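Novice: Just so you know, the sequences run in chain order A and B. Under numbering that gives the first Met the number 0, the first sequence has 243 at position 244, and the numbering climbs by one with no breaks. Under numbering that gives the first Met the number 0, the second sequence has 280 at position 281, and the numbering climbs by one with no breaks.
These are computed hints drawn from the structure, not numbers from a lab. As the structure is a computational prediction, the values presented were derived from the model and not from experiment. Some hints could be false.
Keeping only pairs whose Cα atoms sit at most 25 Å apart, straight-line, the calculated SDA-like set for lysine to any residue is [to be verified]:
hint: 1; chain 1: A; residue 1: Lys113; chain 2: B; residue 2: Val172
hint: 2; chain 1: B; residue 1: Lys258; chain 2: A; residue 2: Glu236
hint: 3; chain 1: A; residue 1: Lys242; chain 2: A; residue 2: Ser46
hint: 4; chain 1: A; residue 1: Lys121; chain 2: A; residue 2: Asn136
hint: 5; chain 1: A; residue 1: Lys147; chain 2: B; residue 2: Val172
hint: 6; chain 1: A; residue 1: Lys147; chain 2: B; residue 2: Pro244
hint: 7; chain 1: A; residue 1: Lys67; chain 2: A; residue 2: Thr84
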Amino acid sequence: MTGTSKRIDVGDLNVYYGSFLAVEGVSMAIEPRSVTAFIGPSGCGKSTFIRTLNRMHEVIPGARVEGKVMLDGEDLYGSNVDPVTVRRQVGMVFQRPNPFPTMSIRDNVLAGMKLNSNRLSKSDAKDIVERSLQGANLWNEVKDRLDKPGSGLSGGQQQRLCIARAIAVQPDVLLMDEPCSALDPISTLAIEDLIGELKKNYTIVIVTHNMQQAARVSDRTAFFNIAGTGKPGKLIEMDDTTKIFTNPTVKATEDYVSGRFG
Amino acid sequence: MSVATKPAPPAGSSSLARNQLPRRTTQLVLVLSFAAGAGLSALFGGFSVVSFAVLSVLVFLVVNTALSAVVEGRRKATDKLVTALVYTAFGIALVPLISVIWSVLDNGLPRFSVDFLTTSMRNVTGLNDQQALEGAAPFIGGAYHAILGTFLITGLATIISVPIGLLTSVYLVEYGRGRLARSITFFVDVMTGIPSIVAGLFAAALFAVLFGVGTRNGFAGAVALSVLMIPVVVRSSEEMLRIVPNELREAAYALGVPKWRTIVRVVIPTAISGIASGVTLAIARVVGETAPLIVTAGFTSSINSNPFSDWMMSLPAYVYSQAMRPLSGSSPQPSFDRAWAAALTLILIVMLLNLVARLIARLFAPKTGR
């Protein structure tokens, strides 16, 4: 796998839904070849924020962003930046597995190329399918039924298929929005192992509700919180994962990671 | 683990059990009700099918509910009453359907033949019909020209309506926001309610302005039908596109697929089975339209395979002309027979279209097998 892995620098980012300020004043640096986890209570804007990192946020009508997101020094929100180009470099895996129901397993993996009508030689296609499925730890389970529909797989397999689909286009960054929340512990373990593998080549950002998961897989952790309903979510603290979970600077972080609220 | 539990109640006297009627009771009551209905019907002013049906159903409703109320209690009795009412309503709804199919088959089959499907009415006169009735000559005259016209006009209407309707629904679901989308939805709803004769007059007036007063041809008929068809196609495809999960669109966007490709390669293929069956049902809906075709395509007794010039016959117009203006005023029966046979042909076409719609829906449906 040859991802190029880029760093992300976010500067004073405000995220809006229409006139509603959902996330306020986030600045952070996300290092390449590492796993960064976002934790925090429900509704604090983690998912909203992660979707601004590949310009998926603006798919929702009325949604907009103020501030800077730099991918290796290039502003994602600069004028003339095409969101489609951005999304080819920053891939995403969603909360619920969403393979394309009309496509076979093979076509699902190749969806990034096929949907864009890129010409692929048969041997290239074969290589990409095998490499991506092996990268997603799914190859051995599906190699005999690549022509079967992707929706026939189990939930955990579908999610790994979605990861294979995301890494098949060789993005620089992989965003994961609660990728294990719909999965059982065994599938979760498979995906966590996979994240450990993937970080050798990719910058990975993961949103999770599961603090043990954040502690297990991530190098750095960002804690988001919200002052009350209707208030914007904010980045409270970001540091090395071990520091966040053992000796956080802010009281609210300590309360959250020790289970005193949330 | 020996916790003191209540001793199990002896078999047959469980606190959860209730009195129950034997399993076949309802069927038995039904049969007895039919017998009673027949008897009562004969008693009151002679046997007739209508009074037999009404009386049997009434007897069944009363006896079955009362029996259940006495033995099983109120809740079960209510359940049986409502179940019986639902079946009765279903039966009543079937009456017109079966009666229509029966009368069309009964009246249409005598003249329905290969000859009827492959010949036109050219040079068939009232004299032929009279001779045929006297047994001096065979019955002649068919609906080939009308079948051809119906296929050409409906086909053209489909070619016009499907792209317009599908693209409109794509706009409404994927792009439309605010006032423009709302007004399109409003006008599509208004169009759904347009009486078909108004659509026909619109097309006739349009062609009168463009090509001179009195212009009638198959294409004008197709335009009239597409006015009726477009709102149906828009509505059904809009529903189908809306139920495509948003997650699939987002999955495609996240792979760096532009919006238009996402619509063409992901959204429409996912919804295609519903769209295709919606389109087929829209065709079935307009294939039997009469009024708009009479004012736009007119009548003819000859085969015309060019929809862009000269009058063109269609099956509904054929039925209308054979039934209302028989070839021979003194012996109209052969014309009536032809009208029924054409009606049968039309029903067969609609049935075929419905079957095709089901087949398409099954063929294109997203596969879920392992």
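Novice: Run every hint past the structure and note whether it holds.
Specialist: Going down the list of hints, with the structure as the test:
Between A/Lys113 and B/Val172 the CA atoms are separated by roughly 24 Å; this keeps the pair inside 25 Å, and the hint holds. Taking the CA atoms of B/Lys258 and A/Glu236, the gap is about 36 Å. The hint is violated against a cut of 25 Å. The straight-line distance between the Cα atoms of A/Lys242 and A/Ser46 is roughly 23 Å, inside the 25 Å bound, and the hint therefore holds. Restraint check for A/Lys121 and A/Asn136: the C-alpha separation of about 22 Å stays at or below 25 Å, so the hint holds.
Distance check on the hinted pair: A/Lys147 and B/Val172 sit about 30 Å apart at the alpha-carbon level, beyond 25 Å; violated. The suggested pairing of A/Lys147 with B/Pro244 holds, with an alpha-carbon distance near 21 Å, which does not exceed 25 Å. Of the supplied pair hints, the one linking A/Lys67 and A/Thr84 holds, its CA atoms being roughly 17 Å apart against a limit of 25 Å.
Violated hints, in rising order: 2 and 5; the structure is consistent with all others.
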